[in-house]
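Undergrad: As you go down the protein sequences, you meet chains A, B and C in turn. Take 1 as the starting number for the first sequence in the working numbering and just add one per residue. Take 1001 as the starting number for the second sequence in the working numbering and just add one per residue. Take 2001 as the starting number for the third sequence in the working numbering and just add one per residue.
Bear in mind the hints are in silico, worked out from the structure with no lab data behind them. Glycine included, C-beta positions come from ideal geometry on N, C-alpha and C. Treat the hints loosely; a few may be bogus.
Okay, the calculated bits of chain A under chain B, using three or more residues with CB under 8 angstroms as the criterion [unchecked claim]:
#, stretch
1, 6–18
2, 34–46
3, 49–60
4, 75–84
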Amino acid sequence: MKTAMTLLLARDIFTIVAVTFGAFFFLAGTVGLIRFPDTLTRLHALTKADNLGLGLVALGLLPWADGILALKIVCVWVLVQFSSSTVSQLIARLAQQERPQA
Amino acid sequence: MDNFLFAVAAFVLGLLILGLVCVLKGATLADRMMSAQLLGTSGIAALLLMATAVSEPAIIDVALALALLAAFASTAFATSSGDRQDRE
Amino acid sequence: MMVALIVDVGLAILILFVAGWIVAVRSTFAAVIGFVVYGLLLSLVWVRLWAIDIALTEAAIGSGVTGALLLRTLSRLPVEHSERSANGSFRFIAGLFCAFISLAIAMVIVALPEPAPTLAPEASAGLPAVGAGNPGTAVLPSSRAFDTFLGKVVLVLAPVGCWSLAADRDWGGTPAPWRQSDPAGGLEFQPITQAALFRRAPCSRRCGC
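Just chain A, with the same shape it has in the complex (with noise of 0.2 angstroms):
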């Protein structure tokens, strides 16, 4: 009985952290996002920032879902750091052309 509930509130604990931290780097790529002096440095924050604080958010609600629903939180932070990469560099691309000298 009281290691199901220190296995219960190990999880809340480990949920509120983790969603903590993510709720952090999304504030953190915010704040470079606004901050950045430059459109590179700029897409450097959102894309790896934001990313880790969606991973760490995807972490911290894995202990929620059962089965099939954790394996499809985790498939749906692949498919956003695939997607990203590739939309970061087609954007760096873009950013480039526009400014030819650097």
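Got chain A sorted already, so can you dock chains B and C onto it with the hints?
TA: Below, chains B and C alone, put in the same frame as chain A:
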């Protein structure tokens, strides 16, 4: 726990709006392309949090669709502006 | 749940604000992006209203595909249309009209009797005749056939309207691909063809090929 997850979802949405305001005032076209990326990632995070907060697993499917469509819309943004620049 | 209520109210205010911003903003590109944002926020609202399948449709079609379609249209407009007119009276009136329609719909929904009138009991009574186990599947062939058929009428009327309204010089040539793909572009998969693999050096005169 539900309240906490809702609060984080609201926080992420607030950050989304803040980021969008700054991105849309941005100077170059590439800045505005990033809005689709921002929308996708933040929207997916908010949806996943809501899915857990109300214990409705179907919302994860919405997050999956949003992930796909964010990639699609971002590519459309990037390539359509390529078209515009070719035409100009 | 207090926080859920705050999220709901915040979402509602945000949606109204974004809608007003889309009507008021001058750059059409920003308006299209605003529309995509609006679609995403609307799908969140559908999630909060427990209409998950509508949220899925909204996120996919209302936000993603329509946004891409609008961008494609925008890229085909002449450059002078990229900034909307400074005199916004037409847009203002259009915005007022849309707000009036939204208000009318809202009043109708609020005035619905409780419980809301529904045909669900009659539909469920007819389900065993269809023979499908899943009620969703049973509804699809029975009732959606009409919906799709009537949708075809709309789809026929739409190009007729476009043909009538567009100038003759805008219709030229055969339909072309959506976009000429850039062979050096990163998204293109270039299958190695036989000709490329066995590309021969230019023949000299002696071999007679």
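Undergrad: All hints are to be evaluated individually against the structure, with a verdict given for each.
TA: Going down the list of hints, with the structure as the test:
Using a Cβ-Cβ cut-off of 8 angstroms, 3 residues of the stretch 6–18 of chain A lie near chain B, which meets the minimum of three, so the contact claim holds. Chain B is given as covering the stretch 34–46 of chain A, and this holds because 5 residues of the stretch bring a CB closer than 8 angstroms to a CB of that chain, at least three being needed. Closer than 8 angstroms: that is the beta-carbon criterion, and the stretch 49–60 of chain A has 6 residues meeting it against chain B, so the requirement of 3 holds. Given a C-beta distance limit of less than 8 angstroms, the hint that chain B covers the stretch 75–84 of chain A holds, as 6 residues qualify and 3 suffice.
Checked against the numbered hints given earlier, this structure breaks none of them.
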